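Novice: The task is simple: from the sequences and hints, build the whole structure.
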Amino acid sequence: MDLRAVRGAALAHAAAAAGVAGAAVLACTHQGAPPSPPAAAPPPAVRYESHLAAGGVVPAGALLRNPHPGDAATARSGALLFTAMNCDGCHGAQGIGWVGPNLADGRWRYGATDGEIFSSIYYGRPRGMPAFGGVLGTEGVWTLVTYLRSLPVPAGVATESWESR
Amino acid sequence: MARTASIAVLACLGAAAASNTQTAGPAHHGAPGQDGQWLMPAGDYAATRYSRLADITPQNAKSLHPVWSFSTGVLGGHEGQPLVVGDTMYVVTPWPNVLYAFDLGREGYPLRWKYRPEVSANALGVACCDAVNRGVFYADGKLVYNLLDGHTVAVDARSGRELWKTRIAELGNGETATMAPLVVGERVIVGAAGGEFGIFGWIKALDLKSGATVWTARNLGPDTEMRVRSDTFQPPYDQGAELGTRSWGNDSWRTGGAPVWGWISYDPELDLIYYGTGNPSPYNPEQRPGDNKWSASLLARRPADGTLVWAYQFTPHDSWDYDATGAMVLADLTIGGQLVKALVHFDKNGFAYTLDRATGRVLLAKAFTPVTWARSVDLATGRPVLEPSKQTGVSRGNVKDICPSLEGGVSPASPPAYSPRTHLFYTSTSNLCMSYATSRANYLKGTPFVGVDSPYNAGPGGGYLGSFIAWDAARGAVVWENKEPYPNWSGALVTAGDVAFYGTLDGWFKSVDARSGKVLSKFKVGSGVVGNPITYRAPDGRQYVAVYAGFGGDWALLSGDTRADDPADVRAPADFLKDIARHTSQGGIVWIFGL
Numbered sequence: 001m002d003l004r005a006v007r008g009a010a011l012a013h014a015a016a017a018a019g020v021a022g023a024a025v026l027a028c029t030h031q032g033a034p035p036s037p038p039a040a041a042p043p044p045a046v047r048y049e050s051h052l053a054a055g056g057v058v059p060a061g062a063l064l065r066n067p068h069p070g071d072a073a074t075a076r077s078g079a080l081l082f083t084a085m086n087c088d089g090c091h092g093a094q095g096i097g098w099v100g101p102n103l104a105d106g107r108w109r110y111g112a113t114d115g116e117i118f119s120s121i122y123y124g125r126p127r128g129m130p131a132f133g134g135v136l137g138t139e140g141v142w143t144l145v146t147y148l149r150s151l152p153v154p155a156g157v158a159t160e161s162w163e164s165r
Numbered sequence: 001m002a003r004t005a006s007i008a009v010l011a012c013l014g015a016a017a018a019s020n021t022q023t024a025g026p027a028h029h030g031a032p033g034q035d036g037q038w039l040m041p042a043g044d045y046a047a048t049r050y051s052r053l054a055d056i057t058p059q060n061a062k063s064l065h066p067v068w069s070f071s072t073g074v075l076g077g078h079e080g081q082p083l084v085v086g087d088t089m090y091v092v093t094p095w096p097n098v099l100y101a102f103d104l105g106r107e108g109y110p111l112r113w114k115y116r117p118e119v120s121a122n123a124l125g126v127a128c129c130d131a132v133n134r135g136v137f138y139a140d141g142k143l144v145y146n147l148l149d150g151h152t153v154a155v156d157a158r159s160g161r162e163l164w165k166t167r168i169a170e171l172g173n174g175e176t177a178t179m180a181p182l183v184v185g186e187r188v189i190v191g192a193a194g195g196e197f198g199i200f201g202w203i204k205a206l207d208l209k210s211g212a213t214v215w216t217a218r219n220l221g222p223d224t225e226m227r228v229r230s231d232t233f234q235p236p237y238d239q240g241a242e243l244g245t246r247s248w249g250n251d252s253w254r255t256g257g258a259p260v261w262g263w264i265s266y267d268p269e270l271d272l273i274y275y276g277t278g279n280p281s282p283y284n285p286e287q288r289p290g291d292n293k294w295s296a297s298l299l300a301r302r303p304a305d306g307t308l309v310w311a312y313q314f315t316p317h318d319s320w321d322y323d324a325t326g327a328m329v330l331a332d333l334t335i336g337g338q339l340v341k342a343l344v345h346f347d348k349n350g351f352a353y354t355l356d357r358a359t360g361r362v363l364l365a366k367a368f369t370p371v372t373w374a375r376s377v378d379l380a381t382g383r384p385v386l387e388p389s390k391q392t393g394v395s396r397g398n399v400k401d402i403c404p405s406l407e408g409g410v411s412p413a414s415p416p417a418y419s420p421r422t423h424l425f426y427t428s429t430s431n432l433c434m435s436y437a438t439s440r441a442n443y444l445k446g447t448p449f450v451g452v453d454s455p456y457n458a459g460p461g462g463g464y465l466g467s468f469i470a471w472d473a474a475r476g477a478v479v480w481e482n483k484e485p486y487p488n489w490s491g492a493l494v495t496a497g498d499v500a501f502y503g504t505l506d507g508w509f510k511s512v513d514a515r516s517g518k519v520l521s522k523f524k525v526g527s528g529v530v531g532n533p534i535t536y537r538a539p540d541g542r543q544y545v546a547v548y549a550g551f552g553g554d555w556a557l558l559s560g561d562t563r564a565d566d567p568a569d570v571r572a573p574a575d576f577l578k579d580i581a582r583h584t585s586q587g588g589i590v591w592i593f594g595l
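Chains as they are written, first to last, in our numbering: chain F, 1 to 165; chain A, 1 to 595.
What the hints contain is simulated information worked out from the structure, not anything from laboratory work.
Treat the numbers as computed from the prediction; the structure is a model and nothing was measured.
Among these hints, one or two may not hold up.
To be clear about the criterion: a stretch of chain F counts as covered by chain A if any three or more of its residues have a C-beta under 8 Å from a C-beta of chain A, and this derived list gives those stretches [to be verified]:
hint, stretch
1, 76-86
2, 94-100
3, 107-115
4, 143-151
5, 154-161
Ideal placement from N, C-alpha and C gives every residue a C-beta, glycine not left out.
Specialist: Structural data, given as structure tokens:
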């Protein structure tokens with residue numbers, strides 16, 4: 001198993017300080033306690049971008065808003081979480097794909113909005129994506145979403161030619 | 001013991017001693033009893049993958065051609081092999097583990113039936129390395145195999161009806177079931193994968209009639225859980241009680257891996273089953289000080305109650321992901337003028353071991369592929385002589401030029417063959433090396449527990465990444481080698497016609513002269529081969545060879561551009577297999593070749 005798990009000194013620091021994954025999560029996300037689904041932000045409904053909304057009425061889940069869109073500090077915390085929670089064990093370092101799909105190709109099985117990516121992580125997905133909402137809480141999941149949205153998307157992967165090699 | 005199992009025992013003894021006359025198999029669907037069936041994953045209990053059929057020879061093999069093919073309807077690594085029982089061929093697919101029964105007595109081999117078990121899709125996220133299945137075992141009219149989500153099923157071979165289904169493993173703990181069961185008498189021996197998830201590795205026996213669990217034995221941990229008794233446990237190089245906990249610092253055995261995802265063989269005279277265990281978890285060795293027994297080891301147990309009789313560790317304190325789950329081939333060899341009841345094993349760590357299968361003592365261990373992590377194996381202690389600069393761990397940073405890579409000198413999924421006529425073993429190899437940068441891994445139940453970055457590069461020798469070799473296990477030497485452009489990932493088959501068979505990752509299926517390696521025939525089978533060829537005599541009286549095509553079986557192979565099934569998952573070529581996607585992509589095809 002070749003895991004491109006580039007886990008730097010920051011993770012070692014987090015792990016040494018915390019010892020267990022749950023505590024490492026807290027260290028990374030500045031949270032007090034692992035939240036049960038908070039009353040203020042109800043868990044979103046599952047929604048896939050490719051799904052058509054009956055009657056043209058989009059379920060409430062799509063209205064979820066990332067509290068940290070584009071925030072670089074949150075994205076850096078999310079990078080630590082990505083390794084601390086073993087996300088890289090399936091999706092590869094920097095999310096380039098392993099047994100789980102590539103998260104850095106700009107393509108999404110279950111929808112590309114922040115709210116849809118939140119749902120994928122919080123509730124899990126079929127074919128093996130575990131639900132991380134229970135251990136991460138909403139803030140932890142948003143932190144990961146912000147990190148994933150910060151990853152550079154490579155250009156030109158759609159066509160591969162051997163003629164020019 | 002059931003009649004079929006008794007016959008299989010005879011077949012095993014015959015292959016090992018190369019002296020028995022041909023034995024008859026069970027009649028099935030009214031077909032006459034006939035030799036040339038393939039009733040268990042390795043063909044016999046000794047795991048030789050040798051057939052006494054001799055119609056196909058080096059003289060006529062050039063006319064081998066495909067006579068039939070069938071799409072399994074499933075993409076992914078088609079490891080394992082078909083079975084042939086009487087006039088029926090059985091094929092199990094990767095997840096979702098569909099079982100097909102083909103009628104070899106009718107034109108076009110139409111299906112008799114098709115069994116579609118319910119298998120959780122969640123298993124796809126827990127199987128470390130593609131959703132593979134390594135095969136079905138036939139015994140007492142039943143087909144027994146594992147479902148990826150941690151169940152063993154028995155299916156009636158005649159009707160396709162499910163007879164029992166037993167949960168053996170827990171997905172939530174990181175366990176999946178990919179290995180091929182072995183049936184000895186009334187015992188179905190099974191194990192679970194999960195060395196990348198920090199499982200607490202085990203092997204267990206189910207009752208063939210009911211599916212009930214008869215015994216469970218851990219591969220690590222307290223003696224009582226390992227079924228070790230001080231009066232009967234005699235490891236050749238170790239002493240003392242509680243080795244399965246004392247050799248793990250920080251109580252790390254609790255999440256120490258040592259899975260069972262390969263093959264099991266059986267010696268009916270010694271009444272011992274032999275199997276290898278996988279890597280210790282996590283990959284970062286500094287989190288588990290000590291030898292980490294019995295990970296990366298060979299264990300010999302009594303099939304009746306699981307008692308551990310002896311164990312030998314190929315790679316103490318494994319620091320390179322060198323699983324020992326490759327096949328254990330039982331053969332009686334003449335070594336130094338003496339006939340020895342031997343066991344031969346090609347390990348991921350790059351050494352081929354010849355052991356005394358009664359005691360576990362190592363008689364000979366030689367590199368069969370480039371090795372840099374150790375200089376040799378000390379036969380007095382059984383331990384590798386380590387190369388200090390190739391030891392790994394967080395404190396050692398990024399360690400480069402480790403050979404073999406963690407894909408192994410050969411993948412354990414690619415079992416060898418042994419011919420009692422040539423006295424040679426035949427195996428695929430991978431010629432890859434790696435860098436290994438570890439980091440502290442956090443255990444979070446049901447998620448990966450690994451902690452390494454280990455990119456691969458081509459091994460020494462220039463321009464070839466794998467090969468198919470003939471190996472003299474009495475001398476520890478390569479007799480001939482067919483170099484291949486890509487790591488070779490198929491199992492081997494050898495016959496009394498002195499023809500050997502293998503497939504390649506770029507999708508060729510080849511027959512070669514077993515004495516010289518000369519290629520006799522080759523055919524492009526539509527997808528890379530990671531399965532194991534078998535041979536059988538069909539109802540028409542002729543010898544055929546069957547093999548799966550179906551690239552995959554390891555995410556190192558699927559990590560790049562070789563897939564086409566998901567528009568939301570597009571990746572660049574894997575850096576060590578840049579052109580493989582030019583020659584193959586995923587598939588799932590059963591092929592039959594004849595003269």
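Novice: Does each hint hold? Answer for all of them.
Specialist: Do the hints match the structure? See the list:
no.: 1; hint: 76-86; verdict: holds (count 4)
no.: 2; hint: 94-100; verdict: holds (count 5)
no.: 3; hint: 107-115; verdict: holds (count 3)
no.: 4; hint: 143-151; verdict: violated (count 0)
no.: 5; hint: 154-161; verdict: holds (count 4)
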